[in-house]
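Undergrad: Let chain D serve as the given structure and place chain L on it in line with the hints.
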Amino acid sequence: MTSITPSDGRRITVNRSRPSAVSAHATSPHTPLSRSVSGSLYNSPTATAFRVDDENHLVIELGARSIRVGFAGESRPRCHLYYSPDQLRRIGDYRQYAPDYDARSRKRKRGEEHWARDGYELWRPDLRDTDLSFVGERLERLLREVEATYLMLDSRARKVSLVAGAQLPRPLLEVALAGLFGVLQTPTVTLFPASIMAVVGAGLRAALVVDIGWAETVVSAVYEYREVATGRTVRAGRALTWAMSKILDDDEELTVEDAEDILIRSGWCLSDSTPTGMEKEMVTIEIGEYSYEISRKELAEPIEQVFFAQDSKTGHSDDHDKSLAAVAYDVLLHLPLDVRKLCISRIIITGGPSSIPGLKSRLLQELNSFINAYGWNPVRNYGSVYRTASKPDTIPTQASTQITIPLEPTKITESTTKPSPELPVPAVPAHLAPQEPDFVRAKSASRVGPSPISGVVRGVHSLGAWTGASLLASLRTRGLAEIERDKFLAGGLTGLLNVKQPAGKQGVGERRSWSLAAWT
Amino acid sequence: MAQNPLPYTYYSCPCVNTSAPVPILAANRKHSREQPPTDTTEFDNEEQTFDSRSPRANLSLVPLEHLLWCTECHQMRCARCVLEEVQCWYCPACLFEVPSSTVRSEGNRCTRSCYNCPICTSPLTINPMEDPRQEDKPEHATGPFIMMCPWCNWSSLDLGIKLEKGTNVTAQLAKIRNGRKAGKIQDAEVTSPTQEQPLSPLAIQHSSIDDAEAEATSPRPDMLSTDHDELFTRLRNFYQQQIVESSEASMFGPSFSSTDGFSSPSAISRLLNIYTGKKTKRTKPVPMREALSPSEGLHIHSPADDTDSLTCLSTTPWPDTTTTAQRALQPGDHAPPFTSDLWPIATLLRTKRSKRCRACRTLLARPEARMNYRWRIRTLALNHMPKLTLLPLATTTTSSGGMPTLGPDLGTPAHIAQRASLSAPLRTGQTHTYLLTTANPLEDVLSVTLATPPTTPGRVGTRVTILCPQFSVGKNSDVWDEALGAQPAAASKRRSGMPSGMPTVGEDGAQARVAEAGKVWASGRNWTSVVVEVVPGMLPEDASEEEADLEIAVFVRIEYETDAAGEEKAVAATAKEKREEAFWCVLGVGTIQSTFA
Numbered sequence: 001m002t003s004i005t006p007s008d009g010r011r012i013t014v015n016r017s018r019p020s021a022v023s024a025h026a027t028s029p030h031t032p033l034s035r036s037v038s039g040s041l042y043n044s045p046t047a048t049a050f051r052v053d054d055e056n057h058l059v060i061e062l063g064a065r066s067i068r069v070g071f072a073g074e075s076r077p078r079c080h081l082y083y084s085p086d087q088l089r090r091i092g093d094y095r096q097y098a099p100d101y102d103a104r105s106r107k108r109k110r111g112e113e114h115w116a117r118d119g120y121e122l123w124r125p126d127l128r129d130t131d132l133s134f135v136g137e138r139l140e141r142l143l144r145e146v147e148a149t150y151l152m153l154d155s156r157a158r159k160v161s162l163v164a165g166a167q168l169p170r171p172l173l174e175v176a177l178a179g180l181f182g183v184l185q186t187p188t189v190t191l192f193p194a195s196i197m198a199v200v201g202a203g204l205r206a207a208l209v210v211d212i213g214w215a216e217t218v219v220s221a222v223y224e225y226r227e228v229a230t231g232r233t234v235r236a237g238r239a240l241t242w243a244m245s246k247i248l249d250d251d252e253e254l255t256v257e258d259a260e261d262i263l264i265r266s267g268w269c270l271s272d273s274t275p276t277g278m279e280k281e282m283v284t285i286e287i288g289e290y291s292y293e294i295s296r297k298e299l300a301e302p303i304e305q306v307f308f309a310q311d312s313k314t315g316h317s318d319d320h321d322k323s324l325a326a327v328a329y330d331v332l333l334h335l336p337l338d339v340r341k342l343c344i345s346r347i348i349i350t351g352g353p354s355s356i357p358g359l360k361s362r363l364l365q366e367l368n369s370f371i372n373a374y375g376w377n378p379v380r381n382y383g384s385v386y387r388t389a390s391k392p393d394t395i396p397t398q399a400s401t402q403i404t405i406p407l408e409p410t411k412i413t414e415s416t417t418k419p420s421p422e423l424p425v426p427a428v429p430a431h432l433a434p435q436e437p438d439f440v441r442a443k444s445a446s447r448v449g450p451s452p453i454s455g456v457v458r459g460v461h462s463l464g465a466w467t468g469a470s471l472l473a474s475l476r477t478r479g480l481a482e483i484e485r486d487k488f489l490a491g492g493l494t495g496l497l498n499v500k501q502p503a504g505k506q507g508v509g510e511r512r513s514w515s516l517a518a519w520t
Numbered sequence: 001m002a003q004n005p006l007p008y009t010y011y012s013c014p015c016v017n018t019s020a021p022v023p024i025l026a027a028n029r030k031h032s033r034e035q036p037p038t039d040t041t042e043f044d045n046e047e048q049t050f051d052s053r054s055p056r057a058n059l060s061l062v063p064l065e066h067l068l069w070c071t072e073c074h075q076m077r078c079a080r081c082v083l084e085e086v087q088c089w090y091c092p093a094c095l096f097e098v099p100s101s102t103v104r105s106e107g108n109r110c111t112r113s114c115y116n117c118p119i120c121t122s123p124l125t126i127n128p129m130e131d132p133r134q135e136d137k138p139e140h141a142t143g144p145f146i147m148m149c150p151w152c153n154w155s156s157l158d159l160g161i162k163l164e165k166g167t168n169v170t171a172q173l174a175k176i177r178n179g180r181k182a183g184k185i186q187d188a189e190v191t192s193p194t195q196e197q198p199l200s201p202l203a204i205q206h207s208s209i210d211d212a213e214a215e216a217t218s219p220r221p222d223m224l225s226t227d228h229d230e231l232f233t234r235l236r237n238f239y240q241q242q243i244v245e246s247s248e249a250s251m252f253g254p255s256f257s258s259t260d261g262f263s264s265p266s267a268i269s270r271l272l273n274i275y276t277g278k279k280t281k282r283t284k285p286v287p288m289r290e291a292l293s294p295s296e297g298l299h300i301h302s303p304a305d306d307t308d309s310l311t312c313l314s315t316t317p318w319p320d321t322t323t324t325a326q327r328a329l330q331p332g333d334h335a336p337p338f339t340s341d342l343w344p345i346a347t348l349l350r351t352k353r354s355k356r357c358r359a360c361r362t363l364l365a366r367p368e369a370r371m372n373y374r375w376r377i378r379t380l381a382l383n384h385m386p387k388l389t390l391l392p393l394a395t396t397t398t399s400s401g402g403m404p405t406l407g408p409d410l411g412t413p414a415h416i417a418q419r420a421s422l423s424a425p426l427r428t429g430q431t432h433t434y435l436l437t438t439a440n441p442l443e444d445v446l447s448v449t450l451a452t453p454p455t456t457p458g459r460v461g462t463r464v465t466i467l468c469p470q471f472s473v474g475k476n477s478d479v480w481d482e483a484l485g486a487q488p489a490a491a492s493k494r495r496s497g498m499p500s501g502m503p504t505v506g507e508d509g510a511q512a513r514v515a516e517a518g519k520v521w522a523s524g525r526n527w528t529s530v531v532v533e534v535v536p537g538m539l540p541e542d543a544s545e546e547e548a549d550l551e552i553a554v555f556v557r558i559e560y561e562t563d564a565a566g567e568e569k570a571v572a573a574t575a576k577e578k579r580e581e582a583f584w585c586v587l588g589v590g591t592i593q594s595t596f597a
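Chains as they are written, first to last, in this note's numbering: chain D, 1 to 520; chain L, 1 to 597.
Be aware that one or more of the hints could be misleading.
To be verified - What follows is a set of in silico ranges between Cβ atoms, one per label pair, in the way DEER data are often shown:
hint	chain 1	residue 1	chain 2	residue 2	range
1	D	D100	L	E130	37 to 43 Å
2	L	T125	D	L480	39 to 45 Å
3	D	D251	L	Y373	17 to 23 Å
4	L	Y373	D	R128	46 to 52 Å
5	D	P85	L	D481	46 to 52 Å
6	L	E97	D	E289	42 to 48 Å
What the hints assert, rightly or not - Sample of chain L residues lacking proximity to chain D, with all beta carbon distances greater than 10 Å (derived):
hint	residue
7	M148
8	L380
9	L435
Honestly, the hints are just simulated from the structure, not real lab data. Just so it is clear, CB atoms sit at the ideal spot from N, CA and C, and this is done for glycine as well.
Extracted from the complex, chain D is given alone in its bound form (with noise of 0.2 Å):
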């Protein structure tokens, strides 16, 4: 085993070529990495050798609101497409370019029902009043343009890897893949969820990732690599930008494009690392020719209002109503204990509005402050026995068991029932008692290696869904979902699921059942 020294790891490229096969570090001779993981497709030695299959293999990370494309094993995708009513433009309609051209003229709809609908986003979650074939045809170009423009595939792609939120419908799945199959001519189309990817992306293997997306903000906590609980709200960025809109104007609304430049340029959250002084500056906005003054106290305000629910009262028990705090401290209370030590101290903040300054430290803050408050007790109130909050007094701070977080409400049984008289009264309190050297533990510690850090709230930054998969794909990891062309275009994804092969008349390597993974 080396450790990769920073002389190793410094071998930095432009970092614009693809690389190939890959190559392992590792101190003993062995087999070489790409046939020991490779799929089964050639059962023999020889043919894996001449594979050459990782050649254009696409990595795709589609949003609601912006799609990236590259290729696996790049750190970066080759580009980042925002969605834009531009691009819904019949063709040779050159209007756009005209130097006279403005789109802030344009008519729309107002009011937040409308906020960014026409053109923004590909989608919305409720799937009932969309076209779903004009949202194909739109996916659609949007990849023939991506193509021509940033790809410029000399061949087909041969494989194609789709990151995607596990939440996404089954209707837009199967459209979204049916413009993949169409478009990229691509044989096999592999299913990636977005939040696992996030978790490899920063090197875990458990976290809780708060996925700040456009329609909704996604919590889901994985362990080992599988998401466990989830939890959702609509407070993210489009309700964020909405809310920026109106910073300037309550009853004016800026153009999607103002609101967001605005949030990008100057956005920013409130929190313990916020530098003294700060919210008293003023600062001046320029949009097209007028420029106004504005506190940076303002700037932050629609952040506290859309993420950590100041507007609402609290008492409301939606999640929509909730914070983003609160709602990841709701799914980190819905864990199994083992879980939720391990994703507590490996919070991945991710999405779009998630690189805004300060909100990383503001939202594990609050988080931290919840479980001050709460502990790990789902019952906020006991009614008449406890009209205060039932918060525990003695935190046990022990630095040999890393677990700082109190796990059971203590109060009600000791002081409800009382101690039998038979049985004679230990002098120490089992709970309070030094922990017994536990040999199993320490023997599976010895050869698995170090127990992970628990209990203490951390956050991980991940290097985001699209890089984890990108990741990913270049170790020619198989995912669980993998879709063959011909079979989807034959019975779409409901005939995938149906599919019943008879026993023993399948080919070698052939996959024995279909399954959608997360997605079913």
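TA: Relative to chain D, chain L alone:
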């Protein structure tokens, strides 16, 4: 308002209805609530008409000039019913061709000296830094060089970049950039010691806990750079190592199912072990662990990072922050927040592509490989489909009101006058008359049937009447046939293929004429004009601009008899094949004037 230059005609490619590859999607299209399917190939659902305002229509409407023609399928082919193959790559700035191996290894951007300004995207020039007095001898200019934007005056000095040579800028820039990254790492190394020794698992345990504690309590600068690409490299190395370790352990395990054949030394030793009967100790595969230290790609969040970026934000004025457009232009999803971090953008390559029909793989267009604009093969729909043009009927022009003899040439003064009147807004309730001219590029006589819904869909409800929806258009015969004839009327009479019922129109008397239902307005060698009456409807008060634009959807059906597809000319002379095509067209008429304005 911005509007496409009138007149315009869009053709709807019928591939919309046939290209649904998935049955369920096709079913969706059948039962779509918002947009009824526009079935053009079969005429079974006549009630459902084309709605040019639906968002889907925008994706399927193409100007005739952009359409290709498949000679095998006898159908138009738009961008989505062709398959493309890259012929060659070239840089649009320096026009050098790039071989495919370079594209594969170096990426999709020019590797020479072509760069664009990161602020305003105009091409950068590379100038020597010497004073301008020596400009008269540019070939003797010696360094250092800088990159300048001629439009916004950005220069590479803003980044502190000076180039030694004026050529091969890409390599020099990469060197500078890597040097800066390395410099940052070295700075960090000075402050904190690095782990150089390979660590035993136990050591990792201690160090990682120490690290975590240290980072949780007192944030300090990371000893390794947290650059995205750096982290990626480290993470990949880490994963590769983990995979190797776990697979090595499993090789001696009982499972034979690993897919590595017998070509590796370990596999052979495993086989030998089986035959010699030696029992190796079966070790369980060590599960992959997570990254534990920054050298393995772990990047822990520290509040100090946020403090730093917030301090930067508060000290940077608004113009020095990057806009969304500038961020989007930076290659590789690299979004620096401040303009001081923007890097010159290498020019994206372009491709020349050949196009094939998606249905029958016939080559439709194939450019020449050399750097010129010629095509080897290009079959345009323009040469195979009738061209429809809508123009206002010039009632005010005092010159001869009829059409010029040589077909609809838009350059004549009469038509310039007509084009001027196109921009005049349409008034609600007033009858406007237009001439719809159909020009025939084929060498066969076309019989054309036009159909349009009596009122346009949507809230406005403009009434549209085509006065003569059935007519024929003469064949595209030799131009001299007509030019040498004495009179156009006589020429058209002499045409053999013309049906006898075809009304012929002379030039005289056209001005005082009133358009009659069922009669062709004018016709020439290969064109025929009919009158369309348009009565714009009432514009609602809250009408959008799209609603104010009046477009007419016309269903065009053409029939003609042509030589049979069999190539033998002897047979072709006698055997005629009847062909039929049908498609929707959208004609731009003008803007309805709002009565509320």
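Undergrad: Each hint needs a verdict: does it hold in this structure or not?
TA: For each hint, the structure was consulted:
no., hint, in the structure
1, D:D100 to L:E130: 37 to 43 Å, "41 Å, holds"
2, L:T125 to D:L480: 39 to 45 Å, "53 Å, violated"
3, D:D251 to L:Y373: 17 to 23 Å, "53 Å, violated"
4, L:Y373 to D:R128: 46 to 52 Å, "49 Å, holds"
5, D:P85 to L:D481: 46 to 52 Å, "49 Å, holds"
6, L:E97 to D:E289: 42 to 48 Å, "44 Å, holds"
7, M148, "23 Å, holds"
8, L380, "14 Å, holds"
9, L435, "23 Å, holds"
The structure shown violates the earlier hints numbered 2, 3.
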